[in-house]
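Peer 1: Residues per chain are reported as follows:
6 protein chains.
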Amino acid sequence: MKVGRRETFNSAHRLYKEGWSDAKNLEVFGKCSNPNYHGHNYVMETWVEGPVNPDTGYVIDLKILKQIIRTEVTDKFDHRNLNLDIPEFEGINPTAENIAKVAWELMSKKIPAHLKLTIRLWETENNIVEYSGN
Amino acid sequence: MKVGRRETFNSAHRLYKEGWSDAKNLEVFGKCSNPNYHGHNYVMETWVEGPVNPDTGYVIDLKILKQIIRTEVTDKFDHRNLNLDIPEFEGINPTAENIAKVAWELMSKKIPAHLKLTIRLWETENNIVEYSGN
Amino acid sequence: MKVGRRETFNSAHRLYKEGWSDAKNLEVFGKCSNPNYHGHNYVMETWVEGPVNPDTGYVIDLKILKQIIRTEVTDKFDHRNLNLDIPEFEGINPTAENIAKVAWELMSKKIPAHLKLTIRLWETENNIVEYSGN
Amino acid sequence: MKVGRRETFNSAHRLYKEGWSDAKNLEVFGKCSNPNYHGHNYVMETWVEGPVNPDTGYVIDLKILKQIIRTEVTDKFDHRNLNLDIPEFEGINPTAENIAKVAWELMSKKIPAHLKLTIRLWETENNIVEYSGN
Amino acid sequence: MKVGRRETFNSAHRLYKEGWSDAKNLEVFGKCSNPNYHGHNYVMETWVEGPVNPDTGYVIDLKILKQIIRTEVTDKFDHRNLNLDIPEFEGINPTAENIAKVAWELMSKKIPAHLKLTIRLWETENNIVEYSGN
Amino acid sequence: MKVGRRETFNSAHRLYKEGWSDAKNLEVFGKCSNPNYHGHNYVMETWVEGPVNPDTGYVIDLKILKQIIRTEVTDKFDHRNLNLDIPEFEGINPTAENIAKVAWELMSKKIPAHLKLTIRLWETENNIVEYSGN
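Protein chains in written order, with the numbering used here: chain G, 67 to 200; chain Y, 67 to 200; chain U, 67 to 200; chain E, 67 to 200; chain X, 67 to 200; chain W, 67 to 200.
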């Protein structure tokens, strides 16, 4: 059984590879590399897979999962600049892929070990990534 | 090839474990345990996976799948109280996980055996479960 | 300028006119009159119309509007039975129209008098009502 | 007859009133005043109202309306920082209200005079504004 | 009080003005004039405005409104070619504007005279029209 | 890591098995076999799975994936009649299953070989198929 919880955060970012020139960053990342940043309403589904607890009928209490998501990810990322304000992106280009990976790593420490964690992240309604830890 | 069909039902329920005191139920299930019930617009995707029939170009005729979904699940659950009106939830706490499991069991008897059945159920736009029979 | 804020609540209800027999209620309201209730994920947009404050650039601070919506409506209605748990529906049939009217009356006392208030309420994705106080 | 066209743009911004101290800006605008910016996927519906051309069956050719929207607004705002990159927001706090107003003013010059223009703008799925020029 | 009901229909059409050459039709309507047709999932909201019946709490019973929509419009248009299969479009170019107008005219005969009728029609998620009878 | 890109196309089609009589086609495919065609707004998610490039932080540049989707599929299918205008459906019944299969085959030649390709296609908001090449 899998259960998922949808949460959102609104952040600024730019795509930028340290060590590359501005021209090279612009060539590879195009308008996503605008030096003054742009931003997104990120939509993140956090999925956990595991057995149903026969007492509660839950895989995990979604109130608890929501609290983990907020404490570990959305309270940190929301209304922030991912490049400047979030230490976890130090030296990491905040592509949707890397945001999902960072969110997965932050939450996997807090999710009970018998549950498999997957992150699905919409950067826009057209661009989506999914990460399960490998 | 997988094909999915989306149907909805609108039901009342409360989360309640028989044998627990009201205080214990309230402690574990919070406002979801309100004795006078609350309710949801449930959205259910029913997925079947199998080969494409070379004559029809179908895995399964979605008109037939829709009929199975309605006869087995949505006509029974819609505009009903899951705790009081549905015999299948006798002694079963109607969490999203258990609703998906009951729906899967009701439909799996009617789906051709060579097709793999998966249920994806939205209790709200933020709370989702998925069940494939194990 | 109009600004709108979307909030949700999940409630049980039944359509039932006091003074009518059960048979008459069933005839008029059909399955919506199920005595054990059913329920919905209500989606409510609260709109206010008025001038933009030149200092803030706001018609109304949406943080304040959100607080009014929650205090006056969604905290009261969410995870409740509209017929049994909400005094405002005493003797009032909780159709979508009447829910919008009750919400409008609860909030209009708290919205500054120079702002025009409109409620748009989705009972399901297919059934919608809109009320502006007359 | 009204016709509407939906387009999107993804921008960074912060809410900030020039002449107020940082403390005052933080007090009024909260996390929306984060100095390093945050961002949104803005969704903008542009509506025009007028008679149907009997030859074409159009109020306005939506290909033309789309071109006006892109040239005047979304190509300018998309993947930009509204505070830093867009001259139209010089001295104007980029609240949703003011973004709708600036977009209205940019487009109203290009829309035929017999058509009434309305902008509906979603900053998030929960925060919406609508502006018709007064 | 306004109430709206959302229904859908899936139709083929082409934009084509009788009396114009194929070249002129292609010039004005572009790819929408493809001689072999294309198609859409049309989403139609039917709104009626009027007083709330104090007995039922309804402006109009949505079961009745749904039946009018289906009998007058969606059962006729669904899985049809609007240019070839629907007599109401004889000599009328099936733009979104004209589809909304035809639907309004078909339904206005069946809606009680004290209720104001409005049609809102999505041709795609980006193209919308609204018609209230003038 | 998986990344997905959502694109749309609007096409006419009919379900029709060559070699079957019209009566047999009507019996099996019902209103979907209307000889004058009907149509849909198809929504297609194209997913690729593979490792993240450590330089770019991308599995694949979505600008490149978007270009492949448009060149191979949506520019060909959009505003076309799938039965009459698209050579790839010669002798193939354009069910959602077969459309997903044709799109997969067109794109798989252009996607780097180390990436796994999956197509998810919505024919309507209720009918969905998913295909991964086997």
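Keep in mind the hints are simulated off the structure, nothing from the lab. Be careful, since some hints might not be right.
For identical chains, the list gives no copy identity; a pair is met inside one copy or between any two copies.
As the list claims (entries may be wrong) - Think about it this way: if two alpha-carbon atoms lie no more than 27 Å apart in a straight line, the pair counts; the simulated DSSO-like pairs of lysine-lysine are:
#1 176 to 68
#2 132 to 176
#3 97 to 129
Peer 1: Hint by hint, note whether the structure agrees.
Peer 2: Here's how the hints hold up against the structure:
1. 176 to 68: both (17 Å within a copy, 23 Å between copies)
2. 132 to 176: within (12 Å within a copy, 31 Å between copies)
3. 97 to 129: This pair counts as between: shortest inter-copy Cα distance 11 Å, intra-copy 39 Å.
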